[in-house]
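Reconstruct the complex from the two isolated chains, following the hints.
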Amino acid sequence: MALNAEESGRLAGLLSEHAERVTQRWTEIATGSLRGRLSQAELRRQVQELHRSMVEAGRNGVFDLESESAGELRAVLAELSRGRARQGFTATETAVSVYAVKDVLLELMEADGGDASLRDYVAFSSLVDQMGLFTFESFVRTREGLIADQAEQLLELSTPVVKIWEGVVAVPLVGTLDSARAQVVMERLLQTLVDTGSPYAIIDITGVPAVDTQVAQHILKTVVAARLMGADCIISGIRPQIAQTIVALGIEFGDIATKASLADALRHVLRLSGAANARRPPRRES
Amino acid sequence: MTAGIDLGHPQAQAIQSDQDVVRVRQLIRTVAVAARLSLVDQTKLVTAASELARNTLIYGGGGEAEVTTVDNGLRRGVRIVFADDGPGIVDLGLALTDGYTTGGGLGLGLSGARRLVDEFDIVTGAGQGTRITVTKWSR
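Top to bottom, those sequences are chains X and Y.
Just so we're aligned, residue 1 is where the first sequence starts under the numbering used here, counting upward by one.
Just so we're aligned, residue 1 is where the second sequence starts under the numbering used here, counting upward by one.
Pulled out of the complex, with its shape left as it was, chain Y reads as follows (with noise of 0.2 angstroms):
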């Protein structure tokens, strides 16, 4: 399903504060560039990385990014684990309902950075964490 070679080593960002938020912006933004991915899907994956950011941060109680280049043979793409040990996602469902927020924001984070990027995997489950994986390819 998500196919692809790892190109290079991982780099990883803890998230425990809002700054980390920040910072994993500031390194996707570095690693999307040096893939060449054109500006808006810069901004796309860089937003999708903030709202999954957050989501780590606010609702897992922190945890962490690793973002990679990947090669599928016919384009360049980067790839973003958010993983967090928190409490995890009970009903999947709803979470991915546009609206749907437990926290008081506008419940588009989880949904929208689902759109925002061409591969969206989500492993989760009562106790269990969440462990996100999203990839978004260079056109």
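Next comes chain X alone, as it looks inside the complex (with noise of 0.2 angstroms):
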């Protein structure tokens, strides 16, 4: 995969040598690719850091991109690929830019046409598909990363319990329940019974796509620990898929009421807690 000293030095002779036409060349290939998603100036530059780390590395003897020599052009590389990852370009489009230098240089080496040229352009032309590959994994790594950030901050979107009326705190399910969210979920009612002083809680499931028998225990079990508590929990948000669903499992929900939507719901707390508290309006700071 290396070049040998005389084939880097013969490689960054024909990249400086001519170094505005491949530039300039290797900006209108990679251009094609792109379809306009990036400016012209800003490829360009970029560009011009690639050819100018190239040659830089080509200057210092042995061409490997593992080498030390390399370090500058590896950088300009994985600078290249953060970037084109983070706006959101592909993979190919982002290789096909570090690519596009082999077509400048066989434009640059078919005028010769000799053996010689034809063997250097072979070995310039792995040592380009190494840089590719390189831009490749950057790019992946970028997109990894991306990933896992996305993945905590998914972890870090709590479950709200919210008050929405005097004496009534609700909480709206969103996604897959796992053991550790529902956890995080009975705790945090719980905790709101008891801070609010709030005798009703309504568990709204709308936000979750399949309720299975994991589901529903987790559900009942933090209706349960409610009761202990001594607050009645109203559960809402069951659609007829989810309903039909449920009556097949053989789940039973016993006493707990359960209610199409969040304003049934409401209501339905509303009715039991009284006619006087319905019509009170939900008190204001002045």
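Quick caveat, the hints were computed from the structure, so don't treat them as lab data.
Some hints could be false.
To be verified - Partial list, derived from the structure: chain X residues whose beta carbon lies under 7 angstroms from chain Y:
no., residue
1, T176
2, D178
3, A210
4, D212
5, T213
6, Q217
7, Q241
8, Q244
9, T245
10, A248
11, L249
12, G250
What the hints assert, rightly or not - Covered by chain X, per the in silico footprint, the following chain Y stretches (three or more residues, Cβ under 8 angstroms):
no., stretch
13, 34 to 48
14, 99 to 108
Ideal placement from N, C-alpha and C gives every residue a C-beta, glycine not left out.
What follows is the structure, given as structure tokens:
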């Protein structure tokens, strides 16, 4: 994969001799695949930087992307991949910007046509392949970093327990309810019941795509725990398909009140807590 | 018994963790939508898959789910095979009884999943692992 000292010298010579033409053609070829999503000036700057660090690495003798002398080039490639990954370009679009230099080299060396330059071209070409692969890897690493960040943010997306009326708190559940989240939900709900002194809690499952026995068990446990603390729980957001699934599964909600929508559940609670409460508007700070 | 021609390539999903159970659910939902199952049937199939995938993980010690779109000439459907090399089920009749559990759940997963799908086939035995095939047809 590595170029020997003479080859890398010739590569550096070739690139620096035709510097203007190389960067010009390189930019032109790379532009085609990016379909105008990156400004010409920006792309030109990136190409010039790549070009400069390639020449530099070539002048330092044996040219191997892994070697120390190519550190600068690796940094430039990594920077390019990071930028592209964050801007939402595909891995192919990113790699093509690097591979474009092959076409440029071919155009430059074609004229000569001798055996020696053919051998050189094959050597240069495999070096560019290596650069492309390195770009690809950096790109994937950046993407993986982004995904890890997002996963962490998702975990932080807490399930809020909100007070929706005097003495009524609601927990809107969204997404998958695994054991860890169910535990967090239960703790938050019980704590909020204590903090607000609310006698009613509404658990809304509109955002839960499928209620299986595990989800049902978590909800049932939460309701029982809330009851032990003297609060009444209502489950709302039971859509037709969920109702049919629950029946087929054979899950019994017993005497727990269930409603189709959060509005129904609130109406139910207000009726329970007395007409007086229902008419009284929520307290306002004046 | 399980008539129908396989359409397209089966898609497999390993089941080794809780995240994989979620992945199975998402895969099944995607395939069920593509097979034009109604919303109710999608939900039923996804829920059944969730139960069986969790059983594969908890009792089978992990395994694999494989989903295929099938066509019996009249209707399209989705077929899922859950397979594990776990200890197997010794007393199938008891395991299929509502409320019976050895794991602290509600004891409705296996029996409930059977009621949620149109075809349910189970091959198991002590020390033989478990292989469950379920199919849901579009209406």
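Structure-based check of all given hints:
{"no.": "1", "hint": "T176", "result": "holds (5 angstroms)"}
{"no.": "2", "hint": "D178", "result": "holds (6 angstroms)"}
{"no.": "3", "hint": "A210", "result": "holds (5 angstroms)"}
{"no.": "4", "hint": "D212", "result": "holds (4 angstroms)"}
{"no.": "5", "hint": "T213", "result": "holds (5 angstroms)"}
{"no.": "6", "hint": "Q217", "result": "holds (5 angstroms)"}
{"no.": "7", "hint": "Q241", "result": "holds (4 angstroms)"}
{"no.": "8", "hint": "Q244", "result": "holds (5 angstroms)"}
{"no.": "9", "hint": "T245", "result": "holds (5 angstroms)"}
{"no.": "10", "hint": "A248", "result": "holds (5 angstroms)"}
{"no.": "11", "hint": "L249", "result": "holds (3 angstroms)"}
{"no.": "12", "hint": "G250", "result": "holds (5 angstroms)"}
{"no.": "13", "hint": "34 to 48", "result": "holds (count 7)"}
{"no.": "14", "hint": "99 to 108", "result": "holds (count 3)"}
Hint compliance for this structure: every hint is met.
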